[in-house]
Every structure is written in C-alpha cells, then in structure tokens.
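*Asks:* Heads up: the sequence lines are chains B and L, in that order.
Position one of the first sequence corresponds to residue 7 (my numbering), numbered consecutively onward.
Position one of the second sequence corresponds to residue 27 (my numbering), numbered consecutively onward.
I should point out that these hints are in silico values taken from the structure, not numbers from a laboratory.
Possibly wrong hints are sitting among the right ones.
Claimed, not checked - Covered stretches of chain L (chain B as the covering partner; in silico rule of three or more C-beta atoms under 8 Å from a C-beta of chain B):
(1) 32 to 39
(2) 69 to 76
(3) 153 to 164
The beta-carbon is built from N, C-alpha and C at its ideal position, and this holds for glycine as well.
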Amino acid sequence: MRPSERIEKIVKGMSFKAGKEMDGRLWADALQATTRVEKTRAALGPRRIWETVMKRKAVQLTAAAMLLVAALAVGVETLRLNKLDKAYAFSTRIRANMALDLDPKGALPLAQPRPEDFDVTWDSEGGGALKTMAGSTVRILACPYIRPDWDGAVSWAYTNIEKLKESTAVRVIPTEQNPFVAVLTSEGNLAVVKIGGGTEVGAWLSWRVDKSTVPQYGPVQTVTLHFADKEDTAPQECAIDLDTGRLIAIPLQVWKSSDGLLAWLEQSGVDAIASRTDGGYGLNGVGLIFWAWGPAAWAGTSAVGLRGQMASASDQSRTPIVFKEGQYQSGCAFKTREGGIGMLQLLAVDASRSTVQFRYRLVQEDLAGVAATAAAEDTSSEQRLAESLHRIRQFGLIAFMYAEKHDGQYASSLEVLKEYAEKMEQDYQWIADNVGYVGAGKTARDPGSTLIAYDKALLAAGKGTHAVFRDGHAEFLTPDEVRERGLGSGSSGNPATTPKPLHD
Amino acid sequence: MIEDEWLKLRFKAGSLDALQRIYQKYRDCLLTVAMALLNDSHAAEDVLHDVFVTFAQSADRFGLRGNLKGYLATCVANRAKDRLRGKKHEPGSLDADVALDSGLDGPGTRIMATEQSRMVSEAMAQLPNEQREVVVLHLNAEMTFREVARLQSISVSTAKGRYRYGLEKLRSILDGRL
Chain B
7 MRPSERIEKI
17 VKGMSFKAGK
27 EMDGRLWADA
37 LQATTRVEKT
47 RAALGPRRIW
57 ETVMKRKAVQ
67 LTAAAMLLVA
77 ALAVGVETLR
87 LNKLDKAYAF
97 STRIRANMAL
107 DLDPKGALPL
117 AQPRPEDFDV
127 TWDSEGGGAL
137 KTMAGSTVRI
147 LACPYIRPDW
157 DGAVSWAYTN
167 IEKLKESTAV
177 RVIPTEQNPF
187 VAVLTSEGNL
197 AVVKIGGGTE
207 VGAWLSWRVD
217 KSTVPQYGPV
227 QTVTLHFADK
237 EDTAPQECAI
247 DLDTGRLIAI
257 PLQVWKSSDG
267 LLAWLEQSGV
277 DAIASRTDGG
287 YGLNGVGLIF
297 WAWGPAAWAG
307 TSAVGLRGQM
317 ASASDQSRTP
327 IVFKEGQYQS
337 GCAFKTREGG
347 IGMLQLLAVD
357 ASRSTVQFRY
367 RLVQEDLAGV
377 AATAAAEDTS
387 SEQRLAESLH
397 RIRQFGLIAF
407 MYAEKHDGQY
417 ASSLEVLKEY
427 AEKMEQDYQW
437 IADNVGYVGA
447 GKTARDPGST
457 LIAYDKALLA
467 AGKGTHAVFR
477 DGHAEFLTPD
487 EVRERGLGSG
497 SSGNPATTPK
507 PLHD
Chain L
27 MIEDEWLKLR
37 FKAGSLDALQ
47 RIYQKYRDCL
57 LTVAMALLND
67 SHAAEDVLHD
77 VFVTFAQSAD
87 RFGLRGNLKG
97 YLATCVANRA
107 KDRLRGKKHE
117 PGSLDADVAL
127 DSGLDGPGTR
137 IMATEQSRMV
147 SEAMAQLPNE
157 QREVVVLHLN
167 AEMTFREVAR
177 LQSISVSTAK
187 GRYRYGLEKL
197 RSILDGRL
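Construct the entire structure; sequences and hints are all you get.
*Replies:* Shown next, in the form of structure tokens:
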C-alpha cells in the first residue's frame, strides 16, 4: 500500500459520534425549528396569494406600486440574519420583479414600507439580472474578480467605493465566475451581494451590509516609553492608552498595592506597558489582544483586511511583544479593550536609557486622504518586505504548478519556470533577480517542510528572509533559521546570480 | 443515493420522518467533518446545531438537485470557516468532552471517538485551513474534487494540489505515531 493510500485510509477511518446528550439536544432543536416555521408559514398565508397573482405579467405591470409593498413581505420571510460585528449578513431568494431593501432594517418587516426604501429588483430580461429600482439613488457595480472569496469581494468593494458612487450601471448580469456585486444602498450603506443560481425566474442572494465609509489607517504614532520600574522614585511614562495615544506614569503607591494594580491600569485606560522580561525587552499587554504577523505585516496588511481579521478576536495574549536585536521586527495586529484595532511594531530598545520605541496606527473610519499619508510613511524597506512575501508565495505556486505537470518533479532550474510564470501573469524578471531556488531534484513526495525557494535579495540585508516550502506555505526565516538551513552560504541558491542588495 | 432522493422529496413535502432519517443518517458523518475542521468539541457541536436547525427550517424552499450529504457537509464547512475566521492563528484542541469510544455511552458524554480518531483530528489541526477542508470533504464527506473546488472558489487542479499537500503533511505528522 502506498503511503498516501495508508493516510487516506486512516483519515477515512476517523469517526466521531454524538453522545446521547448532544444527540438529544440537536434533534430537539431541529424539531423545534420546524414547528416555528410551520407557525410562521401559517401567519404569512396571504403571501401565497400575492405570489400567484404576481406571476401574471399584466398584473405585475399594472400593480407596480402595490408590488413594492407586497414584495417586502415576500422578501423578508426567508431572511437569515447574522450579526458579524459591525456588518450584517443576510440571504434570501429573490424572484422576478420582486423589490428588496438590502439595508439591515429593511431586511426585517417594516410597519410602513415606502417605495424609496427598496434598493434592487430581479429583472428577468436576458436570462436574469440584478437591477436597481427605477429612479432610485442606488448605485451598482459588478466585481470583476474571478471567483473571489467574501473577504476579497468586500476588500474590492471598499477600494472601489468612489467608482461605485459614480457608477451609471442600472443592472448587472451575474456569471458563475463573477457572482459578486457592490451596491450603494438607498441609505448610503455598502452592500456586497453574491448572486447564485440566477435564472429568468429568480436567484439566491447573500449579502453583507456595512458602512460605506472605507476603513483606513489613521496617522502613524511613534512612541517612546520607559521600562516600568517599581523602584523608581520619580515614575516616568511607562504605559500607553493606544486608543487615545496618552502616555501614563504609574504612581509608586499603585505599584506598591499589588492587589489594586490591574484595576488601576484598566481604569486608567492602559493598554500596554514597557517591560523587561527574561525573553527580552518589549511591551506587555493589559487586556490587549495581539497577534504577531511577521515583518511584512506592517506594510502588507490593509486596514480593511486588518479590521476583518481582528473584529471578532477575543482571546487576550499573555506573552509580551519582544524586541529582536538585529532582525526585522514583526508587525503585531492588536485590539484594545475599547475595540480599537490597529497594527504595532517595535522599533528600538535602548537598554542604557531604559526605553523602548515603537510605532502604531489605528484603523479608523472615513478619513479621506489619511491612507495616502500613512502609506507614504512606510519606508521602502517595509514595502519591500510586503512585496517579498507576496512574490515568494506566488513563486511557490508556480513551482508547484510545474511539478504537477511533471510527475511531481520540481523544475531543475529557474529558467524552465519562465513559461509558467508568464502563464500566471507573474513578473519573471523579479523572480530571476530575487529568487534563490533550491527546488531542483525535489519531488512532491518530499516532506511539506522542504524548502523550495527563498528571497535571496532580502537575505542579502542579513536580517532574515521569506521562504516558501513544498506544502505551499511561506514564512519569514530569522537570521538564525537562515544559518541553520545554510542559505546564502554558497551551498544552495543560484550562485550564478548575484543577489541584489536591499536598500533600507 | 436512491434513498436520499426519496428523503429529499419527502423532506420538501414537510415529512418529519424524513428529516429524522436524514439527521440520523448523516449526524455522525457531519460531526466527524466538523471535528476534523475545528478540533474543538464545543465548536463542532455548535456548527452541527446551526446546520441542522437551518436545514430543518428550509423545507419549503429546499430545491437541492445534487448530493445531499455533500450539501450538508458544505454547510458544515462554511459554518466552520466562519468560526475559524474569528479564531485565526489559534488552533483549538480536543478536550475532555470527547470520550474514548468504549462502546458505553455514559450519560454525560457528548462526543465519542476512538484514540486514533483523536490523534488524526489533532494532526488535522496542524494543516492550513484550506488544505484541511479539501482533505476532510473529499475523504470524509466523499465530495468530488470538483465539488470542493466550487466550494473554495478555486480550480480543480488547485483543489487536488491542496489535497496532496495536506496528505503529505499529515503523513509527516502521523508517521511513527500510528
């Protein structure tokens, strides 16, 4: 039996069974749900009449005004509402000539619906299309990305919101490849709609509604804090409230009353304290949620993406953020107790002066022009780190595609991958200049942790580099890890190509 | 499969017996899928709960033409994905609520599993989400690569690639342990 067959057999054999307690509860709830539906259906009896009447085109045309009101009752019945932090998610089936309000309150029954409350309708012409209501202020725009996921579609919508505001389109025909549509609703919200199974008769719609203000980074704050010292007779600023940027000194009497310290810190709005630990110098969180995302994260994470990732984060981190001498510092995504979301990065530690310097920026709503300012503050080094991670990950995919077509054998050299890079619309010149390829002779049967390639230009700066592995994941290798793997020592990579130095 | 077609028809007509049969038939398979994706008994139970409650409510608009098991597994995978998105970078762990399957179903037991299943599930937790999803949906939910590819909005060859990556990693984790 081949090793892969053995693993397949083991995974297939995996089995979890519901115990009596879970079984009883699940079935009881499912049963209760069917009973609720029956009651709702009985209460919405007149709907059936409306549906029957509306199937006749003549009636549809002559009863347009009544249709709007009736359609709401049809539309809201099957809506499923989930609270996704600040966004709302819904789904329903839309039928031809049915009007629908995409805004959150519109998705629930209104006492007195008005025609202007509605945003879209389903147009049966041309095989079916999502159409804005005639004469409304609603704007609609198709997402051109091929089969993006939800996060990708939402990011696209946010970054194209100006284009959406100027859109003159009134109808969008969905395809299997491009099912997403952005809608600026009658209430000025941004709805990202996914259309499935569209026919002349109707379609399934799923949509998320969020504020039409684009989350952007606020200005970068660079802060220096003194390490917290209980013996310091003249306490210095050692803590920070990240939401307001306020620096805080902890009074001696607070330090001394160890019982009340945490309560004092929380009441004072402290989110982080500069600290010295066995692991090194850095910051300790106070009720702060943070995740280290690697050196490329500072420049490579969009405000929309960061907010999406952190909005539902809830687990507080206990380990400190530690400064790593002579290395690129990780970008740390964080969320404060007050819900402020941002990115933080340590910059320097001065042990002789007992200080730690770091910078951070918060995700904020509706800050026109701020994103450009913030982006301009990213140095070329950070942009380069973000680009490196993206490109090396793409390269891993190119190498994998080649192996797929060659019985699992990875390419013998970079040159043979040129054709694949071009097929995948990747810049081969960047690959030739920057990639240290060590995949020659390796196969798809090698362990997933087998190194395939790394960014040799980044490596030349001596602070570590990004690498991609056989299982497709890319990660940052610290200088120690680089040494362990012998990268850049002449034993691997492309000795024929001289690495291009990284300019800080 | 014929039974499934019959069950779908009866379920759509409002038959509680059909719903119960579907529930009994796929409960454990879907629980396995949820556990493999989440490696967390509470989260898996929540996901299974949401899927069956929503499914039970959807009888009148239920118009599935394809594979019922695949459809339910897709629902589980989507719910699991939502949960994982909220808890990124923090793989869960099996807990005391998963009892070893000794053939005795104790009154407080919520989930039963063999030791091997627990080990495989823990190994699964170390895979990237997208690879784990392909492996589980293909092997445990018996979905085709085409169906998984559609769910993940990727090409069939990428789905196959993820599957192979996932198996390789599982092999390296489980080698010597099983």
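*Asks:* Now, for every hint given, state plainly whether the structure supports it.
*Replies:* Results of checking the hints against the structure:
Remark: the stretch 32 to 39 of chain L is not confirmed as covered by chain B, as 0 of its residues place a Cβ nearer than 8 Å to a Cβ of that chain, below the required three. Coverage of a stretch by a chain is defined here by at least three residues with a beta carbon nearer than 8 Å to that chain's beta carbons; for the stretch 69 to 76 of chain L and chain B the count is 4, and the condition holds. For the stretch 153 to 164 of chain L, the stated coverage by chain B is satisfied: 4 residues place a CB nearer than 8 Å to a CB of that chain, which reaches the threshold of 3.
Checked against the numbered hints above, the structure violates only hint 1.
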